[in-house]
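Listed in order, the protein sequences are those of chains A and B. Each residue of the first sequence is one higher than the one before, counting from 1 in full-length UniProt numbering. Each residue of the second sequence is one higher than the one before, counting from 1 in full-length UniProt numbering.
A few of these clues could be false.
One copy or any two copies: either way a pair holds, since identical chains are not told apart in the list.
Below, computed lysine to aspartate or glutamate pairings styled on EDC-like, alpha-carbon distance capped at 20 Å [unchecked claim]:
#1 Lys84 / Asp2
#2 Lys80 / Asp31
#3 Lys84 / Glu5
#4 Lys84 / Asp31
#5 Lys28 / Glu5
#6 Lys80 / Glu5
#7 Lys84 / Asp58
#8 Lys28 / Asp58
#9 Lys80 / Asp58
#10 Lys28 / Asp2
Hints are computed from structural coordinates only; laboratory data are not their basis.
There are 2 protein chains.
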Amino acid sequence: MDWIEAIGMVAACCTTFSFLPQAFKIIKTRDTSAISVAMYTIFTSGTLLWLAYGMMTDNLPVILANAVTSALASVILFYKLRYK
Amino acid sequence: MDWIEAIGMVAACCTTFSFLPQAFKIIKTRDTSAISVAMYTIFTSGTLLWLAYGMMTDNLPVILANAVTSALASVILFYKLRYK
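Here chain A stands alone, though its shape is the one from the complex:
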């Protein structure tokens, strides 16, 4: 793996796992007032489309990144809908 690919891997890890602290914060506080339901509805749909795209093009990094991100985004969306 050359250093350009390494940058791509670090970028993918950042944009994927960055939703973990947001999910933890909401699960802990149940405070979702500032969270946009429109954002997480559109974003979660987008990650599911990326997941489908990754499967259709046999692209494992896209599949793995978006499987994790869509799961985390769905948790945040669930809490937003549950605890307006």
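Starting from the known structure of chain A, arrange chain B on it as the hints suggest.
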């Protein structure tokens, strides 16, 4: 463009522009209590790394998507740091 590429394009638009309603909501309400500063710090860094990756690999869709997303995520991060 075949329909698989079309799914990729729609996915990219969703995950990019989904941050727009979150940015509008925070600008309007100044309420950032539920927003995770860790998420937006890591996420913004990730999109900037994707932007660098896109430039180094001459990948215009990656450049455009992450230019827009990093700008929107930076606005959200700025308001979070400004209006704790």
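Tested hints:
When the C-alpha separation of Lys84 and Asp2 is checked against a cutoff of 20 Å, the pair qualifies neither within a copy, at 46 Å, nor between copies, at 40 Å. Both within a single protomer and between protomers do Lys80 and Asp31 lie at most 20 Å apart by alpha-carbon distance, with minima of 8 Å and 15 Å respectively. With identical chains, the CA atoms of Lys84 and Glu5 are never at most 20 Å apart, being 40 Å at best within one copy and 36 Å at best between copies. Taking the shortest alpha-carbon separations for Lys84 and Asp31, both the intra-copy value of 8 Å and the inter-copy value of 14 Å come in at or below 20 Å.
Proximity of Lys28 to Glu5 under the C-alpha cut-off of 20 Å is found in neither arrangement, the shortest distances being 36 Å within a copy and 39 Å between copies. For the identical chains of this complex, Lys80 and Glu5 are neighbours neither inside a copy (36 Å) nor across copies (31 Å), given an alpha-carbon limit of 20 Å. In this assembly of identical chains, the alpha carbons of Lys84 and Asp58 never lie at most 20 Å apart, being 38 Å within a copy and 42 Å across copies at closest. Proximity of Lys28 and Asp58 under a CA criterion of 20 Å is satisfied in neither setting, with 37 Å inside one chain copy and 42 Å between copies.
In the homo-oligomer, the alpha carbons of Lys80 and Asp58 never lie at most 20 Å apart, since the shortest distance is 33 Å inside one protomer and 38 Å across protomers. When the C-alpha separation of Lys28 and Asp2 is checked against a cutoff of 20 Å, the pair qualifies neither within a copy, at 40 Å, nor between copies, at 44 Å.
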